[in-house]
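Q: Residue numbers for the sequence shown follow full-length UniProt numbering, so the first one is 1 and each next one is one higher.
Heads up, some of the hints might be wrong.
Listed next, with one range per pair, are the computed distances between beta-carbon atoms [what the hints assert, rightly or not]:
{"#": "1", "residue 1": "Pro60", "residue 2": "Gln151", "range": "40 to 46 Å"}
{"#": "2", "residue 1": "Ala116", "residue 2": "Pro41", "range": "19 to 25 Å"}
{"#": "3", "residue 1": "Gly129", "residue 2": "Ala176", "range": "35 to 41 Å"}
{"#": "4", "residue 1": "Ala179", "residue 2": "Ala144", "range": "19 to 25 Å"}
{"#": "5", "residue 1": "Asp150", "residue 2": "Phe63", "range": "33 to 39 Å"}
{"#": "6", "residue 1": "Pro60", "residue 2": "Arg159", "range": "38 to 44 Å"}
{"#": "7", "residue 1": "Ala176", "residue 2": "Met1", "range": "31 to 37 Å"}
{"#": "8", "residue 1": "Ser46", "residue 2": "Ala203", "range": "26 to 32 Å"}
{"#": "9", "residue 1": "Gly13", "residue 2": "Gln160", "range": "22 to 28 Å"}
{"#": "10", "residue 1": "Gly73", "residue 2": "Arg47", "range": "22 to 28 Å"}
{"#": "11", "residue 1": "Ala199", "residue 2": "Ala176", "range": "15 to 21 Å"}
{"#": "12", "residue 1": "Ala179", "residue 2": "Trp119", "range": "26 to 32 Å"}
{"#": "13", "residue 1": "Gly53", "residue 2": "Thr172", "range": "18 to 24 Å"}
{"#": "14", "residue 1": "Ala144", "residue 2": "Pro72", "range": "37 to 43 Å"}
These are calculated hints, taken from the structure and not from any lab test. Glycine included, each C-beta is placed from N, C-alpha and C at the ideal position.
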Amino acid sequence: MAFVIVVAQRKGGAGKSMVAATLATTLAGAGRRVALLDTDPQQSLSRWHAIRGNQAKAAPLSFEAPAGWRIPGALDRLKPGHDLVLLDTPPHADTDSRIAIRAADLVLVPLQPSPADLWALEATLEQAGAERRRAVLMLNRAPASGRLRDQVTAEIARRQWPLLQPALGNRTAFAAAFAQGLGVTEASPRGPAAAEARALAEAVEALLR
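Full structure from sequences and hints, please.
A: Right, dumping it as structure tokens:
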């Protein structure tokens, strides 16, 4: 039976769709049976998947775009035949987000190292807490170093929020891969961005064991 990972963050622009696609393709490339669900009305992942097509570099994964009351049914159908199911969610606290989080084994909350992202994620953590679901933060589009990153990670530590150590850097390789309907481990498997994607996938899988 599959583990369900929900990528959620109330603030738009945190890179949820990119993170979901990166994780799904990295895990699928490692031999996991992966399903990816797009529950965001913006449908960024649906457009990505349409571009993905039958490209030779693309690892096989299942894809659906359910909404609202169809989300639990899609999960019930996909979980028996997969190792992991990942859901991308809307950037605001609407019904689809609540339904997805309620079904999660893990809520992954991406944030850029900025005060706005930090402030916005409180609502997501509260929502996960209300549904009694485990939540963990991860840095996305993060510079290798800098005062702002240090300030944000210090505030996360002060609040004792769980933060994954692997981060995805502010690298054009992620966006370039996404534009091709691929993950970075498929488009540029030997680059530093792919190494970051594999480290993140390993850290997420460790939480599910």
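Q: Compare the structure with each hint and give your call.
A: These are the hints, each one checked on the structure:
| no. | hint | in the structure |
| --- | --- | --- |
| 1 | Pro60 <-> Gln151: 40 to 46 Å | holds, 42 Å |
| 2 | Ala116 <-> Pro41: 19 to 25 Å | holds, 22 Å |
| 3 | Gly129 <-> Ala176: 35 to 41 Å | holds, 36 Å |
| 4 | Ala179 <-> Ala144: 19 to 25 Å | holds, 23 Å |
| 5 | Asp150 <-> Phe63: 33 to 39 Å | holds, 38 Å |
| 6 | Pro60 <-> Arg159: 38 to 44 Å | holds, 40 Å |
| 7 | Ala176 <-> Met1: 31 to 37 Å | holds, 35 Å |
| 8 | Ser46 <-> Ala203: 26 to 32 Å | holds, 27 Å |
| 9 | Gly13 <-> Gln160: 22 to 28 Å | holds, 26 Å |
| 10 | Gly73 <-> Arg47: 22 to 28 Å | holds, 23 Å |
| 11 | Ala199 <-> Ala176: 15 to 21 Å | holds, 19 Å |
| 12 | Ala179 <-> Trp119: 26 to 32 Å | holds, 30 Å |
| 13 | Gly53 <-> Thr172: 18 to 24 Å | holds, 23 Å |
| 14 | Ala144 <-> Pro72: 37 to 43 Å | holds, 41 Å |
In terms of the numbered hints stated before, the structure departs from none.
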